[in-house]
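A.B. asks: Single-letter residue listing:
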Amino acid sequence: MRILRAIFGHGSGRIGGVIVGVYLLIAILGLVGLTPHNPITQFRIDRLHAPNGAYWMGTDLFGRDVASRLMAGIGQSFTVAFFSVAFAALAGTVLGLAAAWLGRRWDGVVMRIMDVLLAFPAILLALLIVTVAGPGTWTSVVAIGIVYTPIFTRVVRGPALSLKAREFVDAARTFGSSSFYIVTRHLLLNLVAPLTVQVTLALAWALLTEAGLSFLGLGTQPPAASLGLMLSDSRNLMETAPWLMIFPGLTIMISILGFNLLGDALRDILDPRMRRAPA
Amino acid sequence: MNYLMRRLATFPLVLLGVSILVFVAIRMVPGDSITAMLGTEAGLLTPAQRDSLAAYFGIDQPWFVQYWRWIGGILHGNLGISVTYGRPVLDVILERFPLTLELAVLSMIIALIVGLPAGIFAATHNEKLSDLGVRIAAMIGQSTPSFVLGLLIIYTLSAGFGVLPAMGEFAPLWQDPLRNLSQLILPAITLGFAFAASVTRISRSAMLDVLSDDYVRTARSKGASARSVIWRHALPNALIPVVTLSGIEFGYLLGGAVIVEQIYALPGLGRMVLDAILQRDYALVQGAVLFIAFNFMIVNLLVDLAYVGLDPRIRLGEQ
Numbered sequence: 001m002r003i004l005r006a007i008f009g010h011g012s013g014r015i016g017g018v019i020v021g022v023y024l025l026i027a028i029l030g031l032v033g034l035t036p037h038n039p040i041t042q043f044r045i046d047r048l049h050a051p052n053g054a055y056w057m058g059t060d061l062f063g064r065d066v067a068s069r070l071m072a073g074i075g076q077s078f079t080v081a082f083f084s085v086a087f088a089a090l091a092g093t094v095l096g097l098a099a100a101w102l103g104r105r106w107d108g109v110v111m112r113i114m115d116v117l118l119a120f121p122a123i124l125l126a127l128l129i130v131t132v133a134g135p136g137t138w139t140s141v142v143a144i145g146i147v148y149t150p151i152f153t154r155v156v157r158g159p160a161l162s163l164k165a166r167e168f169v170d171a172a173r174t175f176g177s178s179s180f181y182i183v184t185r186h187l188l189l190n191l192v193a194p195l196t197v198q199v200t201l202a203l204a205w206a207l208l209t210e211a212g213l214s215f216l217g218l219g220t221q222p223p224a225a226s227l228g229l230m231l232s233d234s235r236n237l238m239e240t241a242p243w244l245m246i247f248p249g250l251t252i253m254i255s256i257l258g259f260n261l262l263g264d265a266l267r268d269i270l271d272p273r274m275r276r277a278p279a
Numbered sequence: 280m281n282y283l284m285r286r287l288a289t290f291p292l293v294l295l296g297v298s299i300l301v302f303v304a305i306r307m308v309p310g311d312s313i314t315a316m317l318g319t320e321a322g323l324l325t326p327a328q329r330d331s332l333a334a335y336f337g338i339d340q341p342w343f344v345q346y347w348r349w350i351g352g353i354l355h356g357n358l359g360i361s362v363t364y365g366r367p368v369l370d371v372i373l374e375r376f377p378l379t380l381e382l383a384v385l386s387m388i389i390a391l392i393v394g395l396p397a398g399i400f401a402a403t404h405n406e407k408l409s410d411l412g413v414r415i416a417a418m419i420g421q422s423t424p425s426f427v428l429g430l431l432i433i434y435t436l437s438a439g440f441g442v443l444p445a446m447g448e449f450a451p452l453w454q455d456p457l458r459n460l461s462q463l464i465l466p467a468i469t470l471g472f473a474f475a476a477s478v479t480r481i482s483r484s485a486m487l488d489v490l491s492d493d494y495v496r497t498a499r500s501k502g503a504s505a506r507s508v509i510w511r512h513a514l515p516n517a518l519i520p521v522v523t524l525s526g527i528e529f530g531y532l533l534g535g536a537v538i539v540e541q542i543y544a545l546p547g548l549g550r551m552v553l554d555a556i557l558q559r560d561y562a563l564v565q566g567a568v569l570f571i572a573f574n575f576m577i578v579n580l581l582v583d584l585a586y587v588g589l590d591p592r593i594r595l596g597e598q
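Residue numbers (our numbering), protein chains in the order written: chain Z, 1 to 279; chain P, 280 to 598.
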């Protein structure tokens, strides 16, 4: 509750919070199918209709309602973004804590593997994973999750290393606390702030990557709606039906903006050191 | 020096990891490269022909033999033969690389020319309306995906001015500089836009940090002009995070910009790798990924070395 109040007391946090909230609502409506029209029904006589009362954002080449497809697409993109970031955050936290706590050889092995993943061009790694497993929603989740795991590992390992050297950890050890207890209570709880910031910003990247993958035809497969695919399909109809490009484009942009604003606000709120220079 | 040596020593290890990862991953892609190469005509091959093709490309051997041969070849500067192009992998990569390099350099120039002054301006006008304007613009810039911006640019040009971006066959810089620039300027702006926004944000916050430092206050109280304080005292120190960010971003761009290349129909590294993956061109994917990873690591190392140049207090490798 306190964090929510802090977010809404912060200029960009307020805007970001509202944007993310509205998108979440639309995503849920899109996922449960509460859209103005069925997103895959083709109204053949109304093909390429400009936005009007019946079709708020017009129709596409097949006469499908753009607004409904956008809602379904937002649901789709958010599902992929949330699950992939959850995957990356979980894997990264476990690996980062393990590397920091076990130290020495484990640290070396884990961090070298992360170096390998980081040296591997991100979008190409995602492309390769998608090609191996076949395109689809859950493949995108795994691909994006793997790509962002090294970032979370790094975010966790650094601070965990310095926490490990602090007195309260020594004290806990002297009291006979188990390693598991110290790692989860003393290290992990102190890492919640940087993790929260990273999760919010990673959601923005994940939305971007998901849209990119589906733009290349390697994400969600038609006829299901996805924002990247809608944009990609709009390319050849740009001049006759600009609404096919403008609405999905703005939708992607504003969703990323929302998470970026929220992430920045959280960083200001949770990391007092950054407070003097809000970017 | 010691640090440089230690960093260089990790290179082979990381590259070995990358090589294993890409080797295994590309072989897990369903389908075989000969069918992908010949399409429906693959059905016309006799088993003997198919076998000899497989032997020519070395894909008839067990995987460990293939890997061993590949690594052995790399050590002799031979990355293998591309199944799709029928030519040495290194030749194909080096043919595409100039475009990717040029695009990355142009984007970085745009980002620095726009982002650095904007960031400094915002920092020196902190909390004023103009600062807010710059910050909002930068936030929007950072949230605009390159493919959205690219399509918007093409749409604005074609709907508003009736012109299309220069596409068609790519003209290398040294053959036809003007045509080359006309082909690359829009993609570079597309990539440079978000990049500039990041540079703006980071230079603004770095500058604000530095401007509140004691030595800047001292310089001011000694009567140094505002201009001299900003350019001579503050900027050099504020540059460190800017260099880091630009370097990392540049390193990523050297890996090719798949989507922007796709939108503007440019034959860069990114699209080449995408096509190679889809074509199951094992040797080309492996070679290209290793090449990109190597460049990325070199750029990162150069960024680290640049810190020392900018701030002699930094001693690399010390904990």
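These are computed hints drawn from the structure, not numbers from a lab.
Ideal Cβ positions, reconstructed from N, Cα and C, are used throughout, including at glycine.
Treat the hints with caution; some may be incorrect.
Okay, the calculated bits of chain Z under chain P, using three or more residues with CB under 8 Å as the criterion [claimed, not checked]:
1. 59-69
2. 120-127
3. 202-213
4. 233-244
A.B. asks: Can you name, in rising order, the numbers of the hints this structure does not satisfy?
C.D. replies: 1
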